[in-house]
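Given the coordinates of chain A, assemble chain B onto it according to the supplied hints.
There are 2 protein chains.
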Amino acid sequence: MAESIKKQITKVKMQCTALSSSSVEQRNDLLLQICKGLQQDRNVILEANAEDLRNASALSESVKSRLKLDEAKLDSVIESIEDVVAQDDPIGKVLARRLLDDNLLLEKISVPLGVIGMVFEARPDAFLQIVSLCLKSGNCLVLKGGKEANRTNHVLYESIKRSCRGSFAGENWLLLLESHEDVKRMLEADGLVDLIIPRGSYELISYVKENTRIPVLGHADGLCAMYVDRSAFVGKAVACALDSKINYPAACNSIENLIVHKDIAKEFLPIMAKAFSENNVLIVGDERVSSIIRCARATEADWDTEYLGLEISILMVDSIDEAIDFIAHHTSHHTDAIIAEDELAMRKFLTKVDSADVFANCSTRFADGYRFGLGAEVGISTSKIHARGPVGLEGLMSSKYILQGRGQIVQTYMGSMCRPFKHQKLSTEGVSQILNGIDGEEEEDE
Amino acid sequence: MAESIKKQITKVKMQCTALSSSSVEQRNDLLLQICKGLQQDRNVILEANAEDLRNASALSESVKSRLKLDEAKLDSVIESIEDVVAQDDPIGKVLARRLLDDNLLLEKISVPLGVIGMVFEARPDAFLQIVSLCLKSGNCLVLKGGKEANRTNHVLYESIKRSCRGSFAGENWLLLLESHEDVKRMLEADGLVDLIIPRGSYELISYVKENTRIPVLGHADGLCAMYVDRSAFVGKAVACALDSKINYPAACNSIENLIVHKDIAKEFLPIMAKAFSENNVLIVGDERVSSIIRCARATEADWDTEYLGLEISILMVDSIDEAIDFIAHHTSHHTDAIIAEDELAMRKFLTKVDSADVFANCSTRFADGYRFGLGAEVGISTSKIHARGPVGLEGLMSSKYILQGRGQIVQTYMGSMCRPFKHQKLSTEGVSQILNGIDGEEEEDE
Numbered sequence: 001m002a003e004s005i006k007k008q009i010t011k012v013k014m015q016c017t018a019l020s021s022s023s024v025e026q027r028n029d030l031l032l033q034i035c036k037g038l039q040q041d042r043n044v045i046l047e048a049n050a051e052d053l054r055n056a057s058a059l060s061e062s063v064k065s066r067l068k069l070d071e072a073k074l075d076s077v078i079e080s081i082e083d084v085v086a087q088d089d090p091i092g093k094v095l096a097r098r099l100l101d102d103n104l105l106l107e108k109i110s111v112p113l114g115v116i117g118m119v120f121e122a123r124p125d126a127f128l129q130i131v132s133l134c135l136k137s138g139n140c141l142v143l144k145g146g147k148e149a150n151r152t153n154h155v156l157y158e159s160i161k162r163s164c165r166g167s168f169a170g171e172n173w174l175l176l177l178e179s180h181e182d183v184k185r186m187l188e189a190d191g192l193v194d195l196i197i198p199r200g201s202y203e204l205i206s207y208v209k210e211n212t213r214i215p216v217l218g219h220a221d222g223l224c225a226m227y228v229d230r231s232a233f234v235g236k237a238v239a240c241a242l243d244s245k246i247n248y249p250a251a252c253n254s255i256e257n258l259i260v261h262k263d264i265a266k267e268f269l270p271i272m273a274k275a276f277s278e279n280n281v282l283i284v285g286d287e288r289v290s291s292i293i294r295c296a297r298a299t300e301a302d303w304d305t306e307y308l309g310l311e312i313s314i315l316m317v318d319s320i321d322e323a324i325d326f327i328a329h330h331t332s333h334h335t336d337a338i339i340a341e342d343e344l345a346m347r348k349f350l351t352k353v354d355s356a357d358v359f360a361n362c363s364t365r366f367a368d369g370y371r372f373g374l375g376a377e378v379g380i381s382t383s384k385i386h387a388r389g390p391v392g393l394e395g396l397m398s399s400k401y402i403l404q405g406r407g408q409i410v411q412t413y414m415g416s417m418c419r420p421f422k423h424q425k426l427s428t429e430g431v432s433q434i435l436n437g438i439d440g441e442e443e444e445d446e
Numbered sequence: 001m002a003e004s005i006k007k008q009i010t011k012v013k014m015q016c017t018a019l020s021s022s023s024v025e026q027r028n029d030l031l032l033q034i035c036k037g038l039q040q041d042r043n044v045i046l047e048a049n050a051e052d053l054r055n056a057s058a059l060s061e062s063v064k065s066r067l068k069l070d071e072a073k074l075d076s077v078i079e080s081i082e083d084v085v086a087q088d089d090p091i092g093k094v095l096a097r098r099l100l101d102d103n104l105l106l107e108k109i110s111v112p113l114g115v116i117g118m119v120f121e122a123r124p125d126a127f128l129q130i131v132s133l134c135l136k137s138g139n140c141l142v143l144k145g146g147k148e149a150n151r152t153n154h155v156l157y158e159s160i161k162r163s164c165r166g167s168f169a170g171e172n173w174l175l176l177l178e179s180h181e182d183v184k185r186m187l188e189a190d191g192l193v194d195l196i197i198p199r200g201s202y203e204l205i206s207y208v209k210e211n212t213r214i215p216v217l218g219h220a221d222g223l224c225a226m227y228v229d230r231s232a233f234v235g236k237a238v239a240c241a242l243d244s245k246i247n248y249p250a251a252c253n254s255i256e257n258l259i260v261h262k263d264i265a266k267e268f269l270p271i272m273a274k275a276f277s278e279n280n281v282l283i284v285g286d287e288r289v290s291s292i293i294r295c296a297r298a299t300e301a302d303w304d305t306e307y308l309g310l311e312i313s314i315l316m317v318d319s320i321d322e323a324i325d326f327i328a329h330h331t332s333h334h335t336d337a338i339i340a341e342d343e344l345a346m347r348k349f350l351t352k353v354d355s356a357d358v359f360a361n362c363s364t365r366f367a368d369g370y371r372f373g374l375g376a377e378v379g380i381s382t383s384k385i386h387a388r389g390p391v392g393l394e395g396l397m398s399s400k401y402i403l404q405g406r407g408q409i410v411q412t413y414m415g416s417m418c419r420p421f422k423h424q425k426l427s428t429e430g431v432s433q434i435l436n437g438i439d440g441e442e443e444e445d446e
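Quick note, the sequences are listed as chains A and B, same order. Under our numbering, think of the first position of the first sequence as 1, with each following residue one higher. Under our numbering, think of the first position of the second sequence as 1, with each following residue one higher.
Just so you know, these hints were derived from the structure itself, not from any lab. As the structure is a computational prediction, the values presented were derived from the model and not from experiment. Some hints could be false.
Copies of the same chain look alike in the list, so a pair counts if it fits in one copy or across any two.
What the hints assert, rightly or not - For lysine-lysine, the following DSS-like pairs were computed, each having C-alpha atoms within a straight-line distance of at most 30 Å:
{"no.": "1", "residue 1": "161", "residue 2": "348"}
{"no.": "2", "residue 1": "348", "residue 2": "422"}
{"no.": "3", "residue 1": "352", "residue 2": "144"}
{"no.": "4", "residue 1": "266", "residue 2": "73"}
{"no.": "5", "residue 1": "64", "residue 2": "161"}
{"no.": "6", "residue 1": "11", "residue 2": "352"}
{"no.": "7", "residue 1": "13", "residue 2": "422"}
{"no.": "8", "residue 1": "425", "residue 2": "352"}
{"no.": "9", "residue 1": "274", "residue 2": "262"}
{"no.": "10", "residue 1": "11", "residue 2": "73"}
{"no.": "11", "residue 1": "7", "residue 2": "68"}
{"no.": "12", "residue 1": "422", "residue 2": "73"}
{"no.": "13", "residue 1": "266", "residue 2": "422"}
{"no.": "14", "residue 1": "144", "residue 2": "209"}
{"no.": "15", "residue 1": "6", "residue 2": "161"}
{"no.": "16", "residue 1": "266", "residue 2": "11"}
{"no.": "17", "residue 1": "425", "residue 2": "93"}
{"no.": "18", "residue 1": "64", "residue 2": "11"}
{"no.": "19", "residue 1": "144", "residue 2": "348"}
{"no.": "20", "residue 1": "6", "residue 2": "262"}
The following block holds chain A by itself, in its conformation from the complex:
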């Protein structure tokens, strides 16, 4: 009988200390070992993927293109693992340093979260990315990929485990789940899993959010809006709105709603409608919009719909405040943008719109970890807790406080004749004293 998932996740958790207390050299060496292993297992990986693809013949082209792992894609993902090797060590960064008193040094340092639970789509390249980011950041990993990639994932998993065997990390730091039932068990494993990162459909992410007490990093929907202010340059507005819609319509950072100030509507809408029409974007609009351009009338539901395709709903407003209010009630607070030349209007929008990303005079499609320069992206969070917006490696980190003294007690700092604290802020440059070792001088009891 197979071991229960909870027992298997418990085994994963038991590897946390080995990973969190390893050196960056150990983790980088293992990452390179994994690359070597993948090279050696190249043929069996490509064969497994070819079989996954044969079984997926009925699926859409976009699913198949995500599923496909050919020579070139395998090379490029192995290269991206080498990029992860080149990155700075995320463990042991000094986030704050304060001398509480003589010989009483406080440091807040970054440490891995522990066990990450990841549920993602049928993308073998994403599998390898996730594994490398977790290993680099000293986190253990429980993961489940889309079932269409089961054969490929299984072969990748076996290859990685072979590379890990005998290393500081052992082979149990990583666990591949195989079924929806397994995912259910993982979602119940609070106390063992520290953070769940789901990627995929709205349904998947909503399911995860509703079925776990473990913190979830991610976003269920990407219902983004762009507001074209009365002060906007029409050319800029059309270019930005078009890019925000058609650059990748299925992306979470594409816009679904376009909000137009009444004073610019007559000039802007006909040009915008022409551009949309030339790019096969279907427009639905409110009454005033449809009196200026030819379009279907939007229903109430349209204002809350993530089309994920070539469709957009357009609304006319009397003021920027009305636009901000619409955004507060209808978007998913992922990414919302204003196009305006009036500085006050822009500042008002950037200040008052409470979304993870708030943009002025550019496409919403810039909302992305790579474009933001964060390096690898682990997800985009619409939660206000822990991490918000595109999240890089730091989203996989927690912190701990280290306090090093020479025998100090709190009683000394209490009462009317107490010794005062110094609370001297120190530079956070350099590595933590614990990684560096303290000065080593031994002295008598004070």
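Chain B alone, transformed into the frame defined by chain A:
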């Protein structure tokens, strides 16, 4: 019929933008206005508290001393509100700044979380502290204090609301709940309340954690341990262990378990036992400990018990690894300490123990926002998500990304002939460009 709690909390949430987009001068002025109001209402506040105290005559002295709000305590809490006024503005801090390309500036800035839900004990001074910290940080607040303080809290609430009436914040940013039923409704209000901070008994905090999907900041238990290594100076170890136990036995950062290396046990234990006995601390020990000092034998349950009083369980280990393993399985990962002169042992402990606070050669009682120099403390978190350890004002903050361009679209940065990103890291000195206004230069469409 009274308005439903959900409706009332919805009204609170509607004030979020007014608070988050206010200036620090507005918030400081209102805080000073609140101080003035409290001075004016001094007599009615003290009278209400006197009545609460009369009704609490059957309660313990410690509860009554927390409940009591006399002239001196009211003065000191009003002073502490003035300290909050003096603090830096936590809103709009630039957490990261990066030039993605020419005229495409990314800033990550601190913003309020939104609505904080606070449940706390019968301490009128804590009520005022919480209100001032939330207002300073631009957060709306729903709170419920211990019922023993109901009259005092109600009078304080009315006084504060009077001061807020007509201000930028209005009077609805703050809501006082009156019953346990109300708290239940608040715990169900996910989507309206962004973070719950419970303070009080283990039962209360466990209840909150088990009955809400809203993130909870705090710790249910404080089961802390101290390990005395073979390399420890006995004098230091005895002083630190004694302070960690007796300085405030009911505190979450007091120790419940003392772990002693076998090589130092014969020298250390008799002196430690004498010190504990002189301070009325009851010792339970394992078999080996009780063969050296006179003490009751610990049961299995003792290793997982937070005594919150003058009792301690002592365990002997053969190695530091055994101590680290004990801590991994038995403490609540709040604050754990090592006493050692051996630098390697100390570094091993600081690295491998995965607790919010890990100390070397000092009392565990230092684990506290004030002693850490964080200014006001909103709680101590044992969660690894969002904030860990003693949490200052930054625990009440989230962030948002602001991206300001001149009409850039993503298409420009894609494909084989694409324009590359600059991703130039800039200093985070100075306030955000949105608070400062951008350069104001108007230019033609690019």
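We went through each hint and held it up to the structure:
1. 161 to 348: between (53 Å within a copy, 27 Å between copies)
2. 348 to 422: between (41 Å within a copy, 28 Å between copies)
3. 352 to 144: between (39 Å within a copy, 29 Å between copies)
4. 266 to 73: neither (48 Å within a copy, 64 Å between copies)
5. 64 to 161: within (26 Å within a copy, 60 Å between copies)
6. 11 to 352: For residue 11 and residue 352, the Cα distance is within 30 Å only across copies (17 Å; inside one copy 47 Å).
7. 13 to 422: neither (39 Å within a copy, 40 Å between copies)
8. 425 to 352: between (33 Å within a copy, 26 Å between copies)
9. 274 to 262: within (19 Å within a copy, 83 Å between copies)
10. 11 to 73: So residue 11 and residue 73 fail the 30 Å test inside a copy (32 Å) and across (52 Å) alike.
11. 7 to 68: neither (33 Å within a copy, 51 Å between copies)
12. 422 to 73: between (56 Å within a copy, 26 Å between copies)
13. 266 to 422: neither (65 Å within a copy, 37 Å between copies)
14. 144 to 209: both (16 Å within a copy, 28 Å between copies)
15. 6 to 161: within (20 Å within a copy, 51 Å between copies)
16. 266 to 11: neither (65 Å within a copy, 37 Å between copies)
17. 425 to 93: both (16 Å within a copy, 18 Å between copies)
18. 64 to 11: Answer is neither: 34 Å inside a copy and 48 Å across each miss the 30 Å cutoff.
19. 144 to 348: Neither, since 43 Å and 34 Å both go past 30 Å.
20. 6 to 262: Answer is neither; intra-copy 58 Å and inter-copy 35 Å both fail.
Checked against the numbered hints given earlier, this structure breaks hints 4, 7, 10, 11, 13, 16, 18, 19 and 20; the rest are met.
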